Amino acid sequence: MVLVLAETQKGQFKKAAYELTYYGHQTAQALGTECAALVLGTAEGAEELGKYGASEVYHINDTALDTFDSQAYTKVIAAAAEKAGANVVIVGHTSTGKSLLGRLAVRMNAGSVPAVNAVPTLEGGTFKVRKPVFSGKAFADYEVKSDNKVLSLMGNSLQPQEVGQAASVETLDVEVPAAQVTVKEVKRMEGRTPLPEAELVVSAGRGMKGPENWGIIEELAETMGATTACSRPVADADWRPHHEHVGQTGVAIRPNLYFAIGISGAIQHLAGVNSSKTIVVINKDPEAPFFKAADYGVVGDLFDVVPRLNEAMKKFKAEN
Amino acid sequence: MKLLVCVSKTPETTAKIAFTEGNTQFDTSGVQFIMNPYDEWYALVRALELKEANGGSVTIINVGPAANDTVIRKGLAIGADEAVRVDAEPSSALFVAKQIAAYAKKEAFDVVFLGKETIDYNGSEVGAMVAELLDVPFISYASHMDMDGDTATVTRDIEGGNEVVEVKAPFVVSAAKGLAEQRIPNMRGIMMAKRKPLKVEPAVDAEDLSVAVHYELPPEKGDVKLVDPENMDELVRLLHEEAKAI
Ligand SMILES: Cc1cc2nc3c(=O)[nH]c(=O)nc-3n(C[C@H](O)[C@H](O)[C@H](O)COP(=O)(O)OP(=O)(O)OC[C@H]3O[C@@H](n4cnc5c(N)ncnc54)[C@H](O)[C@@H]3O)c2cc1C
Ligand SMILES: Nc1ncnc2c1ncn2[C@@H]1O[C@H](COP(=O)(O)O)[C@@H](O)[C@H]1O
Chain C
1 MVLVLAETQK
11 GQFKKAAYEL
21 TYYGHQTAQA
31 LGTECAALVL
41 GTAEGAEELG
51 KYGASEVYHI
61 NDTALDTFDS
71 QAYTKVIAAA
81 AEKAGANVVI
91 VGHTSTGKSL
101 LGRLAVRMNA
111 GSVPAVNAVP
121 TLEGGTFKVR
131 KPVFSGKAFA
141 DYEVKSDNKV
151 LSLMGNSLQP
161 QEVGQAASVE
171 TLDVEVPAAQ
181 VTVKEVKRME
191 GRTPLPEAEL
201 VVSAGRGMKG
211 PENWGIIEEL
221 AETMGATTAC
231 SRPVADADWR
241 PHHEHVGQTG
251 VAIRPNLYFA
261 IGISGAIQHL
271 AGVNSSKTIV
281 VINKDPEAPF
291 FKAADYGVVG
301 DLFDVVPRLN
311 EAMKKFKAEN
Chain Z
1 MKLLVCVSKT
11 PETTAKIAFT
21 EGNTQFDTSG
31 VQFIMNPYDE
41 WYALVRALEL
51 KEANGGSVTI
61 INVGPAANDT
71 VIRKGLAIGA
81 DEAVRVDAEP
91 SSALFVAKQI
101 AAYAKKEAFD
111 VVFLGKETID
121 YNGSEVGAMV
131 AELLDVPFIS
141 YASHMDMDGD
151 TATVTRDIEG
161 GNEVVEVKAP
171 FVVSAAKGLA
181 EQRIPNMRGI
191 MMAKRKPLKV
201 EPAVDAEDLS
211 VAVHYELPPE
221 KGDVKLVDPE
231 NMDELVRLLH
241 EEAKAI
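One line per chain: the protein sequences are C and Z, in this order. FYI, our numbering numbers position 19 of the first sequence as 19, with every residue one higher than the one before it. FYI, our numbering numbers position 205 of the second sequence as 205, with every residue one higher than the one before it.
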């Protein structure tokens with residue numbers, strides 16, 4: 001049995017939970033077994049996970065799990081895996097999943113592979129799975145030798161598809177240990193999709209000249225429903241908040257569409273964004289290295305091009 | 001407070017990524033190695049700041065061969081008091097974590113610092129493993145951390161925001177950008193580092209349960225399609241019809 005941890009935010013499932021369930025379903029098929037989903041704490045609509053391939057949904061409905069403590073979560077997930085008879089546990093490569101994967105590996109005596117982006121294969125009894133390494137500059141195939149296995153799935157790796165019916169939700173009785181960590185405050189920017197989950201990203205660099213010019217970037221992002229990002233020097237100079245910094249030492253992202261505006265395309269920047277499906281570069285310098293990594297390029301002054309692009313996007317949105 | 005900082009060695013960020021022996025080994029020829037930026041810029045510096053403010057000691061630990069001593073000495077030059085190197089190839093995250101946990105347990109450290117991930121294998125898993133092996137809390141991706149006695153208030157990055165948590169030592173914490181400001185070692189630090197203790201410890205037994213067996217480079221990007229800057233309708237059309245991105 002494969003068990004996936006379907007994360008919620010304020011009791012609601014997000015696309016990532018469906019993506020992970022669908023991935024768990026595909027993994028289960030590759031291994032010749034079934035996939036169950038595990039839901040922790042307050043949650044609505046858990047039966048929907050069945051549509052994305054969970055043959056069973058287990059719910060540990062204890063409000064103590066509404067705040068995150070990696071130690072308590074690990075004990076609960078390992079206990080649930082045992083009850084469900086699961087030897088493969090998959091979490092998202094999210095802030096929660098990253099805090100859990102290594103713990104689960106130790107607790108379940110399981111070989112772990114973090115940040116995978118492809119479905120595992122089982123050839124001649126050997127379990128293999130692929131993950132990006134060197135910040136997206138290469139891939140590595142990992143072999144897992146132990147009976148128990150834990151994986152974390154990189155976000156936006158596959159498009160969730162409906163493959164079944166709503167499932168019945170079974171409440172699991174598992175003892176929830178007292179948390180050693182007290183969560184004092186959770187701050188999330190409202191409205192926009194967070195960068196690691198965003199499918200559309202509008203990113204800008206030092207070519208913007210100063211923070212006061214960001215209006216045109218915000219407007220384009222607004223029109224497209226995109227999330228904004230920036231290069232490192234821009235965040236370092238406090239032109240933009242740190243959480244917008246993408247690249248090798250910032251957030252690594254893989255959206256469907258990445259706009260790089262006034263960014264030169266230094267190797268450390270590319271490392272965090274080169275897995276994006278489509279890259280558009282807007283730069284006044286035709287020699288900017290980013291053009292080599294781009295699918296589409298516009299050579300021009302961003303202060304002319306971006307407002308024009310925004311108008312074109314608005315027109316497109318109105319017509320579609 | 002006894003603080004332990006885990007430091008790893010990674011290829012420098014512009015290093016050419018290539019593989020040898022039938023794509024089973026990373027090709028290290030001509031590659032320069034550095035201390036993993038998250039370990040050096042954030043984890044180590046915040047540990048030093050906390051020691052400077054509250055007293056105690058900062059020890060750095062690396063699991064690796066003797067060739068790693070240059071990276072370890074740099075950590076001493078930045079200001080760590082002493083260093084340990086567990087003399088073994090870091091063959092998997094679990095192997096590394098077991099070495100660190102064994103030493104941390106023996107020496108009873110109050111806080112174990114790590115980087116949020118290494119920039120080569122991008123695992124982000126050693127910290128959680130060490131915490132589970134020690135059965136203590138783990139706070140990942142810390143971008144701010146203060147200590148008052150044995151209680152820490154830590155801000156950790158989460159999707160689209162952050163979370164403020166309170167935790168009592170002993171615990172494990174991984175460092176993200178913002179936790180501290182990079183420090184450049186000065187001449188005095190470099191001279192002093194030569195005389196600071198660097199202990200070499202034998203490895204404890206540990207198995208590798210998962211290992212990388214094959215590498216591949218991504219396919220080359222095709223040529224960029226240039227669009228007339230006067231004609232953004234065309235770009236939008238291409239993104240919709242050709243790339244199916246919008
Ligand atoms: C260890 C290390 C780690 C790093 N990690 C990261 C990282 O994670 N992320 C990251 O981004 N960087 C990182 N860097 C920094 C990186 O090397 C580059 O310095 C940085 O990405 C450059 O940012 P930029 O492209 O915004 O600025 P610049 O390199 O200054 O480029 C600005 C671009 O804007 C263009 N431009 C200027 N004016 C206009 C205009 N009017 N219209 C159109 N185009 C215009 C210019 O032609 C130029 O190409 C790292 C560096 C090191 C050493
Ligand atoms: N060989 C090693 N020796 C000491 N610390 C390490 C080693 N490898 C990884 N670490 C620590 O673990 C962190 C996370 O690494 P990883 O889980 O491999 O991404 C790094 O930032 C280091 O602090």
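Where hints are given, some of them may not hold.
[Claimed, not checked] Here are the simulated lysine to aspartate or glutamate pairs, EDC-like style, with alpha carbons at most 20 Å apart:
#, chain 1, residue 1, chain 2, residue 2
1, C, Lys314, Z, Glu166
2, C, Lys137, Z, Glu242
3, C, Lys187, Z, Glu166
4, C, Lys184, Z, Glu216
5, C, Lys187, Z, Asp146
6, C, Lys314, Z, Glu242
7, C, Lys10, C, Glu47
8, C, Lys317, Z, Asp148
9, C, Lys314, C, Glu175
10, C, Lys277, Z, Glu216
11, C, Lys137, Z, Asp120
Because the hints were derived from the structure by calculation, they are not lab data. Small disclaimer: the values here were computed from a predicted structure and weren't measured.
Legend entry - Restraint status (C-alpha distance of C/Lys314 to Z/Glu242 at most 20 Å): Between C/Lys314 and Z/Glu242 the Cα gap is close to 19 Å, so the pair holds against 20 Å.
Inset, instruction - Mind checking the alpha carbons of C/Lys184 and Z/Glu216 for me, to see if they're no more than 20 Å apart? - result: violated (44 Å)
Inset, instruction - With a cut-off of 20 Å on the C-alpha distance, tell me whether C/Lys277 and Z/Glu216 pass. - result: Given pair C/Lys277, Z/Glu216 holds - Cα atoms ~18 Å apart, limit 20 Å.
Legend entry - Satisfaction of hint between C/Glu47 and C/Lys10, Cα-Cα up to 20 Å: holds (17 Å)
Inset, instruction - Take the C-alpha atoms of C/Lys187 and Z/Glu166, compute the straight-line distance between them, and say whether it is at most 20 Å. - result: Holds. C/Lys187 to Z/Glu166 sits at ~15 Å (cutoff 20 Å).
Legend entry - Given pair status - Z/Asp120, C/Lys137, alpha carbons within 20 Å: The hint holds at about 10 Å.
Legend entry - C/Lys137 paired with Z/Glu242 [C-alpha distance capped at 20 Å]: violated (25 Å)
Inset, instruction - Mind checking the alpha carbons of C/Lys314 and Z/Glu166 for me, to see if they're no more than 20 Å apart? - result: violated (46 Å)
Legend entry - Hint consistency between C/Lys317 and Z/Asp148 [alpha-carbon to alpha-carbon, up to 20 Å]: At roughly 53 Å apart (the allowed maximum being 20 Å), Z/Asp148 and C/Lys317 break the hint.
Inset, instruction - Would you check the hint for C/Lys314 and C/Glu175, treating anything up to 20 Å between C-alpha atoms as holding? - result: Roughly 53 Å between the alpha carbons, so the hint for C/Lys314 and C/Glu175 is violated.
Inset, instruction - Decide if the proposed pair is consistent with the structure: C/Lys187 and Z/Asp146, CA atoms, cutoff 20 Å inclusive. - result: holds (18 Å)
Of the hints listed earlier, those the structure fails to meet are numbers 1, 2, 4, 8 and 9, in rising order.
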